[in-house]
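Protein chains: 2
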Amino acid sequence: MKIRQLFDYETWTYTYLIWDETTKEAAVIDSVLEQVNRDMQHITELGLTVKYLLETHIHADHITGAGPLREKTGAKIVIHKNSGSKCADILTSENDVLTLGTQEIRIIHTPGHTDNDSTYLIKGAAFTGDTLLIRDCGRTDFQLGNTQALYQSITQKLFTLPEETVIFPAHDYEGLSQSTIAEEKAFNIRIGANKSFEEFSNIMDNLMLPDPKRIHIAVPGNLACGNVKTNQKA
Amino acid sequence: MKIRQLFDYETWTYTYLIWDETTKEAAVIDSVLEQVNRDMQHITELGLTVKYLLETHIHADHITGAGPLREKTGAKIVIHKNSGSKCADILTSENDVLTLGTQEIRIIHTPGHTDNDSTYLIKGAAFTGDTLLIRDCGRTDFQLGNTQALYQSITQKLFTLPEETVIFPAHDYEGLSQSTIAEEKAFNIRIGANKSFEEFSNIMDNLMLPDPKRIHIAVPGNLACGNVKTNQKA
Chain V
36 MKIRQLFDYE TWTYTYLIWD ETTKEAAVID SVLEQVNRDM QHITELGLTV
86 KYLLETHIHA DHITGAGPLR EKTGAKIVIH KNSGSKCADI LTSENDVLTL
136 GTQEIRIIHT PGHTDNDSTY LIKGAAFTGD TLLIRDCGRT DFQLGNTQAL
186 YQSITQKLFT LPEETVIFPA HDYEGLSQST IAEEKAFNIR IGANKSFEEF
236 SNIMDNLMLP DPKRIHIAVP GNLACGNVKT NQKA
Chain F
36 MKIRQLFDYE TWTYTYLIWD ETTKEAAVID SVLEQVNRDM QHITELGLTV
86 KYLLETHIHA DHITGAGPLR EKTGAKIVIH KNSGSKCADI LTSENDVLTL
136 GTQEIRIIHT PGHTDNDSTY LIKGAAFTGD TLLIRDCGRT DFQLGNTQAL
186 YQSITQKLFT LPEETVIFPA HDYEGLSQST IAEEKAFNIR IGANKSFEEF
236 SNIMDNLMLP DPKRIHIAVP GNLACGNVKT NQKA
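Residue numbers (our numbering), protein chains in the order written: chain V, 36 to 269; chain F, 36 to 269.
Everything labelled a hint here was simulated from the structure, so no lab data went into it. Incorrect hints may have been included.
For chains that are exact copies, the list does not tell them apart, and a pair is met inside one copy or across any two.
[What the hints assert, rightly or not] Heads up, simulated DSS-like pairs for lysine-lysine below, C-alpha to C-alpha not over 25 Å straight-line: (1) 107 with 59; (2) 192 with 158; (3) 59 with 220; (4) 192 with 230; (5) 264 with 248; (6) 158 with 37; (7) 121 with 264; (8) 107 with 264.
One chain only, chain V, in its complex shape (with noise of 0.2 Å):
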């Protein structure tokens, strides 16, 4: 399985591009409206074949480009059940099997940052959206979120992955581009190194942090798979 990770500034957004050599039957993980012209010519040049577009969530920071892209290549929308999304074509419940090409993806349900999460676990890699993210994790103060879930998740349901997987999230804000299962257990500093439900809970009711400043277009217009207009960059 070929990874590429791509990055949008305005949004500090992680989508990835991954594709089976073989076949070249490719998938677009959480892509950003605004960069779906680059996508395309990305996926044009590489000479891929887009079956999924896989969102980890609605997500409520940036426009998923999940509906463009979709008229553009005729690929099918993904996303967890509990989205209620109307315009997704596959609906995913746990542990549901995806093929590209040769390669699997399973869906792991993570919940806990909203209610319909999905982690999608590809050989080795965990794409884990805002659930598990580098030395972080996904806030839970909005759109369902639960930290009691939340914390189920990532220790009962990430943690036990092999060590070695390899993270890539749905966005960093440092510079980080990937981590391990590993790392993340030892050095997440909201969740690892053994931290209780308390300690977290603790972390994650005390973070003040302000809302996303685009909810309030950015969910409507991902439960309408990015088939919106909007002036976003203004």
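Chain V is already provided as a structure; the job is to place chain F on it using the hints.
The following block gives chain F in isolation, referenced to the frame of chain V:
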């Protein structure tokens, strides 16, 4: 060989932390002064012993963190002999080889952006500095830049590497993280698709770029290996 890509948002610079899994011997390629603490934290957490601080050239757009990293790790600063550096520990020439655990790092002299550019070639990965960027290349209008030398470096040295060689550049401005020799031969907008020297030269002579805003502090700062007091972010 493990590769961890790190990014500095202020100067759009990629730093690379690479290490041999067996011995944990590591090198840092093109560090950034303001990110030394972040990089040291990663080095410590990963349990690495830094042996080399590899500079691809004397940068004009940011100040290296090599000097401070040498103080903290005891590693040797490596740069091409043409740099005129008085503070580096190893001055390299074409085809020199360094070892990192069980791995070899081969130096390819790829001048043109400056007269002292090195590409570091390590097991199928080429760290190309500003010589070859993704779909782009370094400018040639200062610091002994030379369009003919850059054309030769890219077409005669880099484009003759195996096509699957992965390109890791020193900068990107579009959110792209890596490429391959095959992709750049085909799609590089300045020199790909078999462009003649005349076509390349015509593009490079008409870029009309402003000087990097930090060139007057960056070049002397880098000639001093980053051992300078600065308030770069102001």
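Comparing the hints with the structure gives:
With identical chains, the CA atoms of residue 107 and residue 59 are at most 25 Å apart within one copy only, with a shortest distance of 17 Å there and 45 Å across copies. In this assembly of identical chains, the alpha carbons of residue 192 and residue 158 lie at most 25 Å apart only when taken from the same copy (16 Å versus 34 Å across copies). For a Cα distance limit of 25 Å, the shortest separation of residue 59 from residue 220 across copies, 20 Å, qualifies, whereas the shortest one inside one copy, 34 Å, does not. In this assembly of identical chains, residue 192 and residue 230 lie within 25 Å of each other by CA distance solely inside one copy; the values are 16 Å within and 51 Å between copies.
Only within a single protomer do residue 264 and residue 248 lie at most 25 Å apart by alpha-carbon distance; the minimum there is 18 Å, versus 36 Å between protomers. Taking CA atoms no more than 25 Å apart as the test, residue 158 paired with residue 37 passes in both settings, with 11 Å inside one copy and 17 Å between copies. Only within a single protomer do residue 121 and residue 264 lie at most 25 Å apart by alpha-carbon distance; the minimum there is 18 Å, versus 56 Å between protomers. In this assembly of identical chains, residue 107 and residue 264 lie within 25 Å of each other by CA distance solely inside one copy; the values are 17 Å within and 51 Å between copies.
When the structure is compared with the earlier hints, no violation turns up for any of them.
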